[in-house]
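> Take a look at the letters that make up each chain.
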Amino acid sequence: MRSTPRWTSRPIETLLAELGAMAASFRAGLGAAVAAWPVLLGRAIFYGVCLMVLTAFWDKVGSQRLSGAFALRLPPQGLATYVGVTEWVTLSVPAIQLKLEDDIRGGALEAQLLKPKFYLAQAIAGQAGGMAARLLVLGAAALALLAVSGRAWPSAGGIAAAAVLGVVGAAIGVLLYGLVGLTAFWIRRVLPALLIVQKLMFLLGGLFAPISLYPDWLRIPATLSPFGAHLAFAGQAVIGLSVADFWRALALQAFWLAALSLIAVLVWRAGLAKTLKAGVS
Amino acid sequence: MNPAITVKELRKAYRYSRRRRGAPNGPLRALAGLFNPDIVEVEAVAGVSFTVAAGERVAVIGPNGAGKSTTLKMLSGVLEPSAGAADVLGFTPWRQRRALAYEIGVVFGQRSQLWSELPVRDSFSLLRRIYDQPEGACRRRRDALIERFGVGEVLDQPAGRLSLGQRMRCEIVASLLHAPRLLFLDEPTIGLDVTAKAAIRDFVREQSLNEGQTVVLTSHDTRDIELVCERVIVINAGRIVLDRPIADLRRFIARKLVTLQSQAPTLALELPGVARRPAEPHTTILEIDTRRTRVDVVIAAALALGGIEDVTVEDPPMEEVVHEIYAALDK
Chain A
0 MRSTPRWTSR PIETLLAELG AMAASFRAGL GAAVAAWPVL LGRAIFYGVC
50 LMVLTAFWDK VGSQRLSGAF ALRLPPQGLA TYVGVTEWVT LSVPAIQLKL
100 EDDIRGGALE AQLLKPKFYL AQAIAGQAGG MAARLLVLGA AALALLAVSG
150 RAWPSAGGIA AAAVLGVVGA AIGVLLYGLV GLTAFWIRRV LPALLIVQKL
200 MFLLGGLFAP ISLYPDWLRI PATLSPFGAH LAFAGQAVIG LSVADFWRAL
250 ALQAFWLAAL SLIAVLVWRA GLAKTLKAGV S
Chain B
0 MNPAITVKEL RKAYRYSRRR RGAPNGPLRA LAGLFNPDIV EVEAVAGVSF
50 TVAAGERVAV IGPNGAGKST TLKMLSGVLE PSAGAADVLG FTPWRQRRAL
100 AYEIGVVFGQ RSQLWSELPV RDSFSLLRRI YDQPEGACRR RRDALIERFG
150 VGEVLDQPAG RLSLGQRMRC EIVASLLHAP RLLFLDEPTI GLDVTAKAAI
200 RDFVREQSLN EGQTVVLTSH DTRDIELVCE RVIVINAGRI VLDRPIADLR
250 RFIARKLVTL QSQAPTLALE LPGVARRPAE PHTTILEIDT RRTRVDVVIA
300 AALALGGIED VTVEDPPMEE VVHEIYAALD K
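Same order as they appear, the protein sequences are chains A and B.
Per numbering that gives the first Met the number 0, the first sequence runs over residues 0 to 280.
Per numbering that gives the first Met the number 0, the second sequence runs over residues 0 to 330.
Because the hints were derived from the structure by calculation, they are not lab data.
A portion of the hints provided could be inaccurate.
[Unchecked claim] When the alpha-carbon atoms are kept at most 16 Å apart in a straight line, the in silico EDC-like pairs for lysine to aspartate or glutamate are as follows:
no.	chain 1	residue 1	chain 2	residue 2
1	B	255	B	155
2	B	255	B	318
3	A	276	B	295
4	B	255	B	295
5	A	276	B	79
6	A	276	B	40
Predicted model only: the values in this text are computed from it and were never measured.
This is chain A alone, in the form it adopts within the complex:
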């Protein structure tokens, strides 16, 4: 009992089939994350605790008499909403590096390579499904926390811009962590690569402080780096971002999405070539 279709060499059909399978993986990842709702709830609580600590810190900083450029650049409403957005993105991004490390080093990759679709795209789509659930739940939690905190709300445009830049930034985060995971083709544990990326995320991404506070020699490379595109742009949106700045940020994010996707494909190909020669671990 054959139930075609089979392999097609027509690029459009291949691409559509690939996208269809990615959409199915996305839905499966979303479904799995929703089914594990206690985990989502726990993450939302953790998010709330993080925000309490970080906003208390920034409120304290804001109440001090600061001098020089630092004081001039600190936004008047404080940084509670900024860290709220950067933490929203950070806690939504999946640990795809662990999934890739497990599959590549644990041998599960072999079974995945026996399927007719592009493994990396499938893995990313599945993880993105889970990320979508977290973005929604943590986003709702962020708005609820802001409402009960009594703090001033950012403008509706600022919230909308943060939502757009945050979602695209989260996608950039998936690719960055995905690249960390792909190092498993060459190193037994990806932790060293992860630590490097996390430190860069902290520094250049503006995880706890807007990169607009940095001196120019650091602010410019941070803004142009994928780490800034991952976190800082979305955070900046709620503390003041012009329409022109928004479009510039979005364009830079689009560039990094494309560039990191290309790099991921090239790294994947190199890793796959190595694996097909040496065999799965």
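Got chain A; can you put chain B on it based on the hints?
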């Protein structure tokens, strides 16, 4: 009829670096190893050639490390050979891996193709999309397979929470959802109970007979080979040492070892087709030629003697089977 598989002088050598003998320890050694590594080459498959006709069921057997799994991996496209050629259903596996994937089903006993965090039902749905299967036909096939393997009750459980037996049944269903023309089974019954093994063997055989599906199987369980396959290829040290119909080898394969623990130091048990192996007092090891005497007959005869404390039934080790085949070939 075109062969399903044609393999010519297929070779696979693995290269790895090892510490040089007499090299100093510490950073100097690490530095020396970096610039002048001692590369060792191990030949896992040393030039195998064979063909498998469409619809044929072939067992590839051999001791651990013989090159069976390596051969299967090359034929399924997840490993590139060092040399040689192979044609699987018209594809060169390592160059057209994803195209070939539509045509083959693979079960590697140690590796799962299901998504551990997803319910089995969702894994099956995802596989339908991954293999671009039309919904109606795939659903009918899926439902028939679910019923056949009795996995209906576990469909809503994540694959990662299933027992080994349940998981393996689901793996078989998953490998057959897209109606492959060729099935590679690498230790498909490893760790399974007798019922699950029987279900898998019966199904694979029936499927092949009814739908003309080609089967290539490796297993350490001689019953898998005896009940599923019609031809046996014996591999040792990366080379094919024997390629015969199963009928020629049944005398080596159709055997069971029954170990009896008894209160008496020895058991006086004489039956046709039953040989006694050396053992400690109170232990009796019987080698049964199952073509001549059934296992249950031997156990019944032993129980009739009284004082039996424990009974174990197992297959002779594959290494032993292969060794005896060699010995018979030499004569």
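> A separate judgement is required for each hint: does it hold in the structure or not?
To see whether the hints hold, each was checked on the structure:
1. Annotation: proposed proximity of residue 255/B to residue 155/B is violated, straight-line Cα distance about 38 Å (limit 16 Å).
2. With a C-alpha separation of about 14 Å, the suggested pairing of residue 255/B with residue 318/B holds against the 16 Å cut-off.
3. The suggested pairing of residue 276/A with residue 295/B is violated, with an alpha-carbon distance near 48 Å, which exceeds 16 Å.
4. The hinted pair formed by residue 255/B and residue 295/B meets the criterion: a straight-line CA distance of about 11 Å does not exceed 16 Å.
5. Note on residue 276/A and residue 79/B: the hinted pairing holds, with a Cα-Cα distance of about 5 Å set against a maximum of 16 Å.
6. With a CA separation close to 13 Å, the supplied pair residue 276/A and residue 40/B stays within the 16 Å bound.
Of the numbered hints listed earlier, those contradicted by the structure are 1, 3.
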